[in-house]
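**Q** Chain by chain, the residues run as shown.
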Amino acid sequence: MSIIEIKNVSKNFNNTNALKNISLTLEPNKIYGLLGRNGAGKTTLLNIITNKLFANSGEILIDGETVVENDNAQVKIFHVAQKNIYTVNMKVKEGIKWTQEFYPNFNKNYAYELAAKFKLHTDKKIKDLSTGYYSIFTLILGLASGASVILFDEPILGLDANNRELFYRELITNYSEQPKTIVISTHLIDEIADVLEEIIIIKKGELVLAQPVDKVMLMGYTVSGDCTNVEKYTLGKNIIREETMGRLKTTTIFENRDRNDKEQIKELDLEITPVKLQDLIISLTNS
Amino acid sequence: MHLNMSGDKPIFLQFAEELEENILKGIFEEETQIPSTTEVAVKFKINPATANRGVNLLVDEDIIYKKRGIGMFVKIGAREKITAKRKNAFYENYILSLVEEAKNLNITQGEIIAMIERCCQNEHNRD
Amino acid sequence: MNNILTATKYQLWTFKYQSLLCLSIIAVNILISVTVTYLFPGSGISAGSSDLVTFIWIFFVGLLASTPSFKFMLGNAVSRKSIFWANIFSMAILSVAWAVTITLVLSFISKLGIKILALYPLLYKNSNFVSSVVWFIGVFYLLIVIGWLINMAYYRSSKRMAYAISFAPFILSGLLTIINQSTHGKLFESIIGFLVTALGFSGTIPNPYIGSFSMLLFAGIICAFNYLLIRKAQIKD
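For the record, the sequence lines run as chains A, B and C. For the first sequence, our numbering assigns the number 287 to the last residue and increments by one with no breaks. For the second sequence, our numbering assigns the number 1127 to the last residue and increments by one with no breaks. For the third sequence, our numbering assigns the number 2237 to the last residue and increments by one with no breaks.
So here's chain A without its partners, still in its complex pose (with noise of 0.2 Å):
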């Protein structure tokens, strides 16, 4: 159970603001969503809280600990990465083992459980797995860690339906029997829609939301109607998309909702909708 707490953070590369001020809390027994485009940041933010790059400045801290050179403050963390970083000649049950000697809390008996779960031969060399199968690989790494932070950047790439729909389920017992915090980074947010508890929300380096998902769900609403009323209720509010066919305007407003909100929209003769996740964070990604 470790609390992440990251402060401050910005982040350069060559002239570019990879990251831009980022402060943010990683509660214990959580899973959170880390949702942005390609290229916003999200990797360069796990990479920096794994020690593998530098911030420019802020800090990052775990149980009030700094996590820059500090094995012990890293061994609670275990990062699900998309690079491979397995040695030429490994094959999956060293990678395995050599893991195990990584994370003293790291169970093996769990790990090759979900190997054959998978599908996944631990004979095999590592870089003679697919795409799909190396996600499969680290993924089992992570949920076997032991880890209380356990950071997943694009775990289901290159997984067919069924592996995901396996890796979801897996990943809930884990979460249920052994609470811990949980980021994933990815693009298919509605599969997991569910099963989130927070979403963080990172457009071109800057952090633009990490709020609840009930709040952010009951935010997120669609009004439409005549075109004149519509744009009426959407006066001074927060507008994230607009469509206009003929006289008909859907306006898609991330705001909350008062009373007199309500009471306008039925005035004006607004039907309101709610919004998916997915196009909420598309809407609020883009630019």
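Keep in mind that the hints were calculated from the coordinates and are not lab data. Be aware that one or more of the hints could be misleading.
To be verified - The calculated lysine to any residue pairs, modelled on SDA-like cross-linking and capped at a C-alpha distance of 25 Å, are:
id, chain 1, residue 1, chain 2, residue 2
1, B, K1045, A, E113
2, A, K97, C, M2215
3, A, K180, A, A81
4, A, K91, C, L2021
5, B, K1085, B, E1029
6, A, K108, A, L188
7, A, K262, A, I272
8, A, K266, B, K1085
9, C, K2125, C, A2097
10, B, K1043, A, T186
Following the hints, position chains B and C against chain A.
**A** Chains B and C alone, transformed into the frame defined by chain A:
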């Protein structure tokens, strides 16, 4: 059981209501065990915490109780309680929107009542 | 501390495969020499280069093994400090193991009656087991950390700097030659004089222990640079 992510209703509430529905239908009988929150969370791909919230709601309403070390069971009298709850909510959930829609379509009160009577007759004839 | 131990273990494990490769090359080498010697006795052909093979091999281990291990360990909760010490220790252990192995191989070959062409006996004119091992430890460790240094230097450099590093030796030797000519040969004289003393040749009997000590000292300085380079090393895309 079907849960709707983009609905207005929070998931845990939907889940609690689905559970009640199944208890009412007799799928989960009184004094029998209901699936654990882990099982449910896995089956419906929801967060275990959400499942817990739904279950705790029903525990608060005295519909389910926890047997330590074993699991969760449907309390005796649960069906009655649920029925009573639903009856109270009937007005809010059904009558209000019915009257609203009727107003939109200019259906008079008399016509509404006639429709209800017709419906009840048909049900009776079918039985 | 625990982490350093595990990391050292891992590094040694990665060296294992490569060690087997080197051993097999040497074994083949010996086999050929033995066969030739017995087929053509008195031909004066000797079993050479077993040690040279190892010199080249261990240099490449330092050069090529560092980065993959670095990435792997960084991805397994090991800090750069710990990775540094793991390298120091594992490379030392590797050097010792190979020093003993090579000395044994050389004495084995000579016992078979085959003439050896190897650096150590040539330079120090003895076949003392201990001094041979000590000397080889010095050479091996120096070579492997130089490989490591070159690897780290390239890893930390931008493209431009990498070109600069590649050309540096040539430019340096060119510069030294020019300076040497302007001092009428005095520069190279003093450099060679220094090397002679450092490698233990200044006395009447060549001293491998002094040679080993100097090489280890130099290796230590290089490792200090390696520490500075690894401290701020970040992963690349």
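**Q** Hints broken by the structure, by number, lowest first?
**A** 2, 6, 8
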